[in-house]
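Student: Residue numbers (the numbering used here), protein chains in the order written: chain A, 151 to 533; chain B, 151 to 533; chain C, 151 to 533; chain D, 151 to 533.
A hint or two may mislead.
Given that identical chains are not distinguished, each listed pair holds provided it fits within a single copy or across any two copies.
Said to hold, decoys possible - With a straight-line Cα cutoff of 25 Å, these simulated BS3-like cross-link-like pairs (lysine-lysine) come out: (1) 305 x 286; (2) 519 x 407; (3) 286 x 407; (4) 398 x 495; (5) 495 x 305; (6) 520 x 243; (7) 407 x 243; (8) 339 x 444; (9) 305 x 398; (10) 520 x 339; (11) 520 x 407; (12) 339 x 495; (13) 520 x 495; (14) 243 x 286; (15) 495 x 431; (16) 519 x 495; (17) 431 x 444; (18) 519 x 243; (19) 398 x 339; (20) 444 x 305; (21) 444 x 520; (22) 286 x 444; (23) 520 x 305.
Please keep in mind that the hints were generated in silico from the structure rather than gathered at the bench.
Protein chains: 4
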Amino acid sequence: MLAGTLRQQIYAALPEGEEHRGAPGVAALIICTVILNTATTLLQSVPELQPFMAAHTTIPLLCGGIFVAEFFLRFWTATECDRLWQKFPLLGKRGSYLVSFHGVIDLLVCVPMLFMLAGFAPDGWLSLFAVISLFKLSRYVTALELVGAVIQNEKHTLVASVLTLGLLLVILSTCLFLVENAAQPELFKSIPHTLWWGIVTLTTIGYGDMVPVTLAGRILGGITMLIGIGMLAMPTGIIATGFANERKRRELLQIWKIVSSLPLFNHLDANWISEISGLLKTLMVPAHVVVITKGEFSTALFFIADGEVEIDLSPTPRRLRSGDFFGEAGLLQNKPRSATVTTVKPTRFLVLGLAEYQSLMSRAPDLRKKLEETASQRTLESR
Amino acid sequence: MLAGTLRQQIYAALPEGEEHRGAPGVAALIICTVILNTATTLLQSVPELQPFMAAHTTIPLLCGGIFVAEFFLRFWTATECDRLWQKFPLLGKRGSYLVSFHGVIDLLVCVPMLFMLAGFAPDGWLSLFAVISLFKLSRYVTALELVGAVIQNEKHTLVASVLTLGLLLVILSTCLFLVENAAQPELFKSIPHTLWWGIVTLTTIGYGDMVPVTLAGRILGGITMLIGIGMLAMPTGIIATGFANERKRRELLQIWKIVSSLPLFNHLDANWISEISGLLKTLMVPAHVVVITKGEFSTALFFIADGEVEIDLSPTPRRLRSGDFFGEAGLLQNKPRSATVTTVKPTRFLVLGLAEYQSLMSRAPDLRKKLEETASQRTLESR
Amino acid sequence: MLAGTLRQQIYAALPEGEEHRGAPGVAALIICTVILNTATTLLQSVPELQPFMAAHTTIPLLCGGIFVAEFFLRFWTATECDRLWQKFPLLGKRGSYLVSFHGVIDLLVCVPMLFMLAGFAPDGWLSLFAVISLFKLSRYVTALELVGAVIQNEKHTLVASVLTLGLLLVILSTCLFLVENAAQPELFKSIPHTLWWGIVTLTTIGYGDMVPVTLAGRILGGITMLIGIGMLAMPTGIIATGFANERKRRELLQIWKIVSSLPLFNHLDANWISEISGLLKTLMVPAHVVVITKGEFSTALFFIADGEVEIDLSPTPRRLRSGDFFGEAGLLQNKPRSATVTTVKPTRFLVLGLAEYQSLMSRAPDLRKKLEETASQRTLESR
Amino acid sequence: MLAGTLRQQIYAALPEGEEHRGAPGVAALIICTVILNTATTLLQSVPELQPFMAAHTTIPLLCGGIFVAEFFLRFWTATECDRLWQKFPLLGKRGSYLVSFHGVIDLLVCVPMLFMLAGFAPDGWLSLFAVISLFKLSRYVTALELVGAVIQNEKHTLVASVLTLGLLLVILSTCLFLVENAAQPELFKSIPHTLWWGIVTLTTIGYGDMVPVTLAGRILGGITMLIGIGMLAMPTGIIATGFANERKRRELLQIWKIVSSLPLFNHLDANWISEISGLLKTLMVPAHVVVITKGEFSTALFFIADGEVEIDLSPTPRRLRSGDFFGEAGLLQNKPRSATVTTVKPTRFLVLGLAEYQSLMSRAPDLRKKLEETASQRTLESR
């Protein structure tokens, strides 16, 4: 029981990205260790600094120690993590951690430590294991997850792009080899050597170490360059479309979450929440515009999707931000507005109009009863 | 009859992309042969390996034999393929195969075999025919079809881009020749020579073999580079837009196919299916959310467009995926929900609400009668 | 009168892009002349070919003659063109032609002819006037107009991008000059010289003729490269968005044109056509699917926006393509379908349902009367 | 009071971008000064021009004087500006100006003046302060604000892209160093040196000063190039999507502004304006098409979103442009059209149909009463 409690506490302290932030300082410690470790490895490779760096093994040993400790703690506390079951149910939670992306990285970065303990100097291929520790950072950069989702969604099309590139690369390089080999036998000495020219040109890098000089070679080179532009355009187009779709998907999810998080609606099924979400209209309002005026009878419920508004409550005005809502009383009790609301920034609202709300209620007497119960209960609880 | 049956069996065994996968192993055999053949050709061109490779003609002969066999089998069984009529109805099916893209490729890759049988060594221009065999792979990479469709749809705009590039190339190169010829008469010795500088710069390759050095040449070069960025942006913009449109088109088709594949609706005309498709609302639900609760009265039919849900049926829960649907009983018989459904992944549903369904039924008494007949028939057949 | 008639005939014979194709052969003659003229000019600049080319002034004189003739005919017949009034109403039609883009080009390409007639050899800067004749081709490549419209719409944002690029170019080059001047005083000898490095790097060309070698210079160079990627992304993003918007705009115009071109609707005001356009639903149908079945009562009018269908009329089936429509009788007279219609390719329809059509009619008794008149008139005329 | 009035007048004369254009000539003076100052600084750095330029300190002194004057005037009049409160309410208006982006720039460009007054020659690092004056121009290029808004909105994703680039840069460079160091110990002499190769390749610049020559190095180089294309595609995709969203947002705001600027509607709450905006239909009409015909009874209110129309009023026809509207009388009083309206360019209308308007009125008796009051009042005022 004691071990279990300690394990839970340690698990809670180890950060795991957006949804599990860990104890304060732990993430910062790991990030600093990774950066320090990588910087040391980079500087160790500079010939001028080597006599100086070789004497100082303190930093690599310290960083290695932190990585080893992190790995063992994560391995030990893996049993507390619910997320790990999903992909490899047969391996158990610790096994799942070991074969997960972050588990493999956590293990690999411990390798240089083991070699150092065995008496080897930390150089050569070991530096690769050190820089791999940079992958640990991907736990903390949350926007990377959007990038990852786009690549995941578009992987079939991206792989097809790379295969097309490979196919064109071999064919164009073979052609150029046949054309250019006689003029520059030293540079274009075989098809595999010409492949280097091909990839350098198709990706529009153009080092200039291998350049066709014959007329036929230059015409073929020009065609290769035009195809190269197309090859650049293809993944860009795929990723641009993928981003737009992923954004739209996340926006729909956001509306869904706003609606389902309202106290009034949070006991409803997905279907009713979808019905209500569908009735919402998007409304863009510039900054410094009056949205509702005190005493008016216009009736609608406003959700703030983006931006900020100010309610002129008498002692101190109150500011509402993304995710907040106002105008509930107008919708349910048809009362005059009790305060004036003004936008502070350009704001995007989701508006649920009275007409739409009432037509929904009349079509669904069950829902009406349920909502009225919830509303009266909230009044009793004097929320 | 026997020949016909054999032909049908062989036709069925030969893979033909997504819609016709062929016998197991045949696709793998062809793919391996293509890769082996290309690799051999590439290595044969390396001077150091030539004495070693020249002695070994077994692999080219083997690959060539497989290609020749494939060509003759495809040519013989072409009569079984319905798809080939469409483009060249006058040539017959075998003629259509011969002039189709894949027919030409299948024939061309047999050329080196014929030369080898005639006693020529497999080098020089013959290696081009060998690498052409890579085009055979395009039968198996199905995502390429999306790429092809985008290029096909946008071909007019892409050709206009290439023509614009050509026009600017000639004009800018002429200007640079006039400006730079005096300073570097060896490099920029004529307009056609300067065209090479132009294409290398406009496509942002920048080998560095020809670089303007005069002030006027550098100003003109800078303008050329800015135009070059525009020339890169143009096809990228075209392809990005084309991808977005093609995706949307395929999504609409997918909804259409889901609706028309429902037993309830599959006898309907395209127009009614379109009516029903138009009534569907898109609904994004995050993972691990209850979509419908057992015993509830909320009524709607859910189609899964993307993602996965779990139905908690008592002995073993059942999982539904993309293309499945649930909630049919609620829509047609207004019964309480018989099970709770929870999302496993973030899921996109297409929801057909009761209200929309009934308004459709009241507008179309014919359709109502037809659907009721279908439903009662399905009950009799105790599906 | 005679001159007027001849002028009209010559005006009609001169091609003017999409909307005015001219007499057969005239466009081909001009395109060939332009290409021949440009090719000659390019080859004349090659030193090896110059003794040979200098003797042959027949081709430049012939091409020049055709250009001069074209210019004078276009100038003379400009009075027949209605399009020219719009931009410069004060100059008259011939003056408007002279100051229009194509008028200036047509005049400029006559310059080398004048010099040759005056006895000068066709070389040096004269070759620039010759290649300018390529701009004449822009009359015939109609997809260029879409490209032009996008650039026109986005010009403010594109200019802002170029100005941003210029601003960053000067600042980054100044920084690099200060850092790198001491190490490479020959290459980075002044800020204006370093601007060349800046533009070569910001546009991702990278010739390699000027490369920073100090640590500070390389760090600054790396930052410049990252900004350069952003500079590439900016116009690409602008143009991609511009293309998507321009496409959508043209699609809306196309629906409008289809609806307003129907005999039934073509006497209506823009507002009613907009009302009807708004009632159309987009319907994607895969290839080889039955759209309507003979004898069925389902009622809707189908417009084909993209693709192809086949109507199985008894002697010979008939094919309908983009812009055609069918099902008119079902909508107006509620008769059973007289033939089965099947899609040949994946087809996008715009469908006008009976319900939508009738709700429109009931809201607008005037329109109903008008349409009934048109319909009965068409029956009398036994169209 | 006098000082206050003078201050107000000077504040009004100083230009501040789109919303505050200043006195005529002041913006032009500042822009000319910035360009003159930058050009002088650039030319001063050219070794050949230095003896000539060093003698002429008039221009730098003059420009510096204008900058110093501008800074003090802006600092003194900052109290008149309402916009400055928002970000730093604690600093007061003058403090807010000093810490704002433009305040810092305005101050920094005064530095060279101070040094010159103290007797130093205007060279070396001082030239950096001079070119910083280019940032002053960003006040006047209004399209830059759209670019800024996109970068602001997408900053999290862009930072994630740059971090991903950095991570891949370190890992790929380490690998290449390990592979290539033995073959080219002079060029690839440490990981930090190889980082230069990495950034030059990942950004597709490709100077060619460091190029791998071993087989393993070239394979790794090829992989780096493919990843580099992805790295180019990522920000392009992000910015393209961001532009599309920002455009859509601004278009919605524009509709909102058009509707709320109508005299009929400008006393309404945001909610009603949103209701009315939602009823508007977009209508694209080609050029030279009759939109409404005189004497017809079709009834709708047309707003012009883009383009131009002509009303054939009897003495002189009148042209309406973006933001104008017509057909008000038809909507409110159901009168026949009093004039024919024809499009001059392809025009995008926002149409408010009679049916939609009346259904809105019947749902909202309060609004009806209010609008009727406004309309009758306008008749009394005989607008």
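Student: In ascending order, which of the hints set out earlier in this document are inconsistent with the structure?
Tutor: 3, 6, 7, 8, 10, 12, 13, 16, 18, 19, 20, 22, 23
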